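Colleague: The lines below spell out each chain.
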Amino acid sequence: MTAIEDGARAVAPRPVVLVHGDTHAFTIDTPVKSAPTLTRVSTFGAPLVHWIRVAVDPHDPAVFAFSPQVVQKSTGIARRTLSEPARQY
Amino acid sequence: MGRKKRTYADGQPFDDIHCLQAKLLLKPDRFSAANRFADFGKVVERTARSMKVGAIEDAEPGRGPRVREVIFIDTPDFRLYHNGFIFRRRARYVDGFPAGDPEIVFKFRYPDARRAAATDVRPNISGKYRIKFKQQALPSNDRLGGYRLLYSHNCQFGLSQVHDGDRTSMRTLVRIRDCESSDDPLEARIDAQLQALSLLRREFAAATYAASLDFHRHDASYPEIVHWTVDGVRFVGLNVPGPDDNRRDGYEREYVRRGRANLAEVNAAFDDAAHSSAARPIRGIMIIFRRGPFSATQSKKDRSQRTRRSPI
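Protein sequences appear in the order of chains B and W. For the first sequence, our numbering assigns the number 1 to the initial residue and increments by one for each residue that follows. For the second sequence, our numbering assigns the number 1001 to the initial residue and increments by one for each residue that follows.
Next up, chain B with everything else stripped away, as it sits in the complex:
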């Protein structure tokens, strides 16, 4: 993480995105205050098996745009998670 945080600061304002799993909780935020161009995307995981669409536009300064894609079959629990407050998109 040290290398990624330092690297993100070094190449700012260009965006750096860190995609990880493990937590099974969908999250998009900028968790490191000293590296505000570092965005973390934590992906869905069982039992909420959904996915995240990443649009990449190299001509947009933000480059990356994310939109969670809900798989209808597991929406029962998914709606609750997606509507949780305090998530930063």
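Think of the hints as simulated: they come from the structure by calculation, not from any bench. Incorrect hints may have been included.
Part of the chain B face toward chain W, derived, beta carbon under 8 angstroms [as the list claims (entries may be wrong)]:
1) ALA10
2) VAL17
3) PHE64
4) VAL70
5) VAL71
6) GLN72
Since the model is a prediction, treat every value here as computed from it, not as a measurement. Glycine residues also receive a C-beta, built at the ideal position from the N, C-alpha and C atoms.
Starting from the structure of chain B, add chain W where the hints point.
Modeller: What follows is chain W alone, placed relative to chain B:
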């Protein structure tokens, strides 16, 4: 067997041989119709009885042949088979259509009984499965006459016993833990895991992608650590497994070098970005790996205070 009772990594004693199975391989040329096969069965039964070997009566003599599809699964160069593993899916067919629950069979077949017993073939699934450990007598495969003895240690389960999300996951279907290579269960487990890892890595290294992706693997030792660049956007795929990056006692020989390879790939991405030219700019970087690097509380505060975490 040694003096002490040998066990698998979780303490369960090695399986004992359940039965002897003698197999006869038949050429299909003569079986041009179902009744020819039934006739052959009668010849075998007569011969068996004359040798004082019992025969089980056919409970449904009038019934037609049952058709079963068996798909053997292997790498393109048969690495499973050449290492004694047989992996297949069996499905019953009725009137030309698949019927019932397909069955997965995974077996380790080896001439040495101890080694066959030591290979833990229990599948990592939550559903029901059966373990069979058989001594098999088979015709010699290199000459006419004679037979060879093998030990077949297998697990079988219906596909419905596997969690939906797991059906395409090899790692979930089979968990191979070979306890033969060392008397230390932890060392043996690590050895087996590293063997499985190198098998996976060979698979990774074999996969190719479109040249337009400008796709690079870190090196032959870590083919899963990759980067590619499209339209000035760098993507980096690392191997940082969850939940602890495998940073456990005894696993140093796995994670230390892998950690260096990950770090080198991260540094290379930022170096390339820092030194990118106007002609070939790097406009953004996306780094992808498995392990969640932030805990819930850490994500809420500035992490400028370094933790004891790995460099990645």
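Colleague: If a hint holds in the structure, say so; if it does not, say that too.
Modeller: Here's how the hints hold up against the structure:
1. The interface hint given for ALA10/B holds, since its Cβ lies 6 angstroms from the closest Cβ of chain W, which is under the 8 angstroms cut-off.
2. Hint on VAL17/B holds. Least Cβ distance to chain W is approximately 4 angstroms, under the 8 angstroms limit.
3. The interface hint given for PHE64/B holds, since its Cβ lies 6 angstroms from the closest Cβ of chain W, which is under the 8 angstroms cut-off.
4. Hint status for VAL70/B: violated, given a least beta-carbon distance of 16 angstroms to chain W, over 8 angstroms.
5. The interface hint given for VAL71/B is broken, as the beta carbon of that residue sits about 11 angstroms from the closest beta carbon of chain W, more than 8 angstroms.
6. Because the beta carbon of GLN72/B sits about 15 angstroms from the nearest beta carbon in chain W, more than 8 angstroms, this interface hint is broken.
This entry does not satisfy hints 4, 5, 6, going by the numbered hints stated previously.
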